[in-house]
Amino acid sequence: MRLTFVTTNMGKVDEVRSLLKTFGIEIDVCTIKLTEIQSDSLEEIATRSCEEAYEILRRPVFVEDAGLFIERLNGFPGPYSSYVYRTIGFSGILRLMEGEENRAAHFKSCIACKISGDIINLFSGICVGRISNEPRGSSGFGFDPIFIPEEGDGRTFAEMNIEEKNAISHRGKSVRLLAEWLKLMR
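Numbering-wise, the sequence shown is residues 54 to 239 according to the numbering used here.
Where hints are given, some of them may not hold.
[As the list claims (entries may be wrong)] Within a straight-line C-alpha distance of at most 16 Å, the following computed EDC-like cross-link-like pairs (lysine to aspartate or glutamate) qualify: (1) K86 with E104; (2) K74 with E105; (3) K74 with D206.
[Unchecked claim] Beta-carbon label-pair distances, calculated as ranges: (4) F194 with E97: 34 to 42 Å; (5) E96 with R125: 34 to 42 Å; (6) S169 with E97: 18 to 26 Å; (7) I172 with G128: 38 to 46 Å.
I should point out that these hints are in silico values taken from the structure, not numbers from a laboratory. We put the CB at the ideal spot given by N, CA and C, even for glycine.
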């Protein structure tokens, strides 16, 4: 079975492809732009995008949606992370967090996969951490320069190489669940 990852985010492609390769799984990538519904639920967004991708391509597909949830900001930006990154960036988030002692945050990833029929399978991963006081590192993408994962060694995601990030990240966790499920499907 050949699986197509539908996304326009090449950073995600690099991470997902790198991790799936360790499971012996190769993927195709399709960069069609999908309608992203407005919802407070990553699961709902991913499910709708997966349905649309499957309807367009008519082959096994998966999509991934992720968000940064900051405790002090009541979970903001959450599922709106991509928009917030494009509009105020991580510097805007750092300004919102100025003077805040509670810097707890987590990243969440949700993968929706449809092979055929009416069933969409969901795989989620969470990475708990905190928001740094300043951006650090040049790897990764998005909010990586300001997120310090709890499972790590004090570096931001942007200070890690792709293998280090994949070992502990929200996306790494959801992709591993997808890979384990795919192995059962074989």
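Going down the list of hints, with the structure as the test:
1. Proposed proximity of K86 and E104 is supported: the alpha carbons are some 13 Å apart, at most 16 Å.
2. Between the alpha carbons of K74 and E105 the distance comes to roughly 26 Å, so the proposed pair goes past 16 Å and is violated.
3. Taking the CA atoms of K74 and D206, the gap is near 25 Å; set against the 16 Å cutoff, the hint is violated.
4. For the pair F194 and E97, the supplied restraint of 34 to 42 Å is violated, since their beta-carbon distance comes to about 24 Å.
5. Taking 34 to 42 Å as the suggested C-beta distance range, the pair E96 and R125 does not conform, at roughly 24 Å.
6. Separation of S169 from E97 is about 21 Å and conforms to the stated range, judged on CB atoms against 18 to 26 Å.
7. A hinted range of 38 to 46 Å for the beta carbons of I172 and G128 is inconsistent with their spacing of about 29 Å.
Checked against the numbered hints listed earlier, the structure breaks hints 2, 3, 4, 5, 7; every other hint is satisfied.
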